[in-house]
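Engineer: Please work from the sequences and hints to get the whole structure.
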Amino acid sequence: MEEYVNINHTFEPVYDKNTRILILGTFPSVKSREYGFYYGHPQNRFWRVLSGITDSQLPVSIQEKKEFLLSHHIGIWDVIKSCTIKGSDDSSIKNVTVNDFTKILNKSDIRAIFANGNKAYDLYEKYVFETVGIKAVKLPSTSPANARWNLEKLETAYSGMLKYIAD
1 MEEYVNINHT FEPVYDKNTR ILILGTFPSV KSREYGFYYG HPQNRFWRVL
51 SGITDSQLPV SIQEKKEFLL SHHIGIWDVI KSCTIKGSDD SSIKNVTVND
101 FTKILNKSDI RAIFANGNKA YDLYEKYVFE TVGIKAVKLP STSPANARWN
151 LEKLETAYSG MLKYIAD
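According to the UniProt record's numbering, the sequence shown holds residues 1 to 167 in order.
If you are wondering where the hints come from, they were derived from the structure by calculation, not from laboratory data. Keep in mind it's a predicted model, so treat the numbers as computed, not measured. We put the beta carbon where it would ideally sit given N, CA and C, even for glycine.
List of simulated lysine-lysine pairs, DSSO-like, C-alpha gap at most 27 Å:
#1 K163 to K103
#2 K163 to K153
#3 K138 to K126
#4 K94 to K135
#5 K81 to K138
#6 K81 to K119
#7 K31 to K153
#8 K138 to K107
#9 K119 to K86
#10 K66 to K103
#11 K135 to K17
#12 K119 to K153
#13 K135 to K103
#14 K81 to K135
#15 K163 to K17
#16 K66 to K31
#17 K138 to K94
#18 K135 to K163
#19 K126 to K103
#20 K81 to K103
#21 K119 to K138
#22 K94 to K81
#23 K138 to K17
#24 K107 to K66
#25 K126 to K81
#26 K66 to K81
#27 K17 to K103
#28 K138 to K153
#29 K66 to K17
#30 K17 to K107
#31 K138 to K163
#32 K103 to K119
#33 K135 to K66
#34 K66 to K163
So the derived label-pair ranges between C-beta atoms look like this:
#35 E130 to E64: 32 to 42 Å
#36 Y35 to K81: 18 to 28 Å
#37 K17 to A147: 33 to 43 Å
#38 R111 to N6: 27 to 37 Å
#39 E2 to I134: 26 to 36 Å
#40 S71 to G160: 17 to 27 Å
Structural biologist: In C-alpha cells, the structure reads:
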C-alpha cells in the first residue's frame, strides 16, 4: 500500500518569449519524475496528441520535446509546486503549494491557458485563476487512466488550441 509523501516539483517550466499557450498538468507522476520530464509515462498520450494535431514528428528525447514545444509556441508546467501525494494518484493530493505563474506571464505572449484534465483545472480554478485572471480551458486528461478518451477523441479536443498558436 502506497504511503503519502511530501514532494517538491523539480521540473522547470518550458516556455520562451514567443509562447502563446500554456498547458498545465497537476503534478508529475512517479514515472515522469523517474524520467525527469513532463508526461514521461510511456502510456500517456500527451506527446502523441500534440504531434498529431500539429502534424509533426513525435518527439522522443527531452531535448526534442522542449524544441517541439517552443517551435509550436506551446508552454507546459504544472499547477502544483509541492504537495503531499500517494504515488501518482491526483485524487490523493493534499497540502498544496502552487507555482508562481507571474514569471511565465510576464516573459511570454500567453493567449490561452489549457488544463490537462479535471484535477489540473480544478486546482487552477481554486488556487491560481483569481491571481492570474486568465480563465483556463478544461481538456480531457491524456493520462492512461482516462481510458474513455481514445487518441482520436483527444486530438479532436486538443485541436481547439491550434487557433492560438497559428502564425
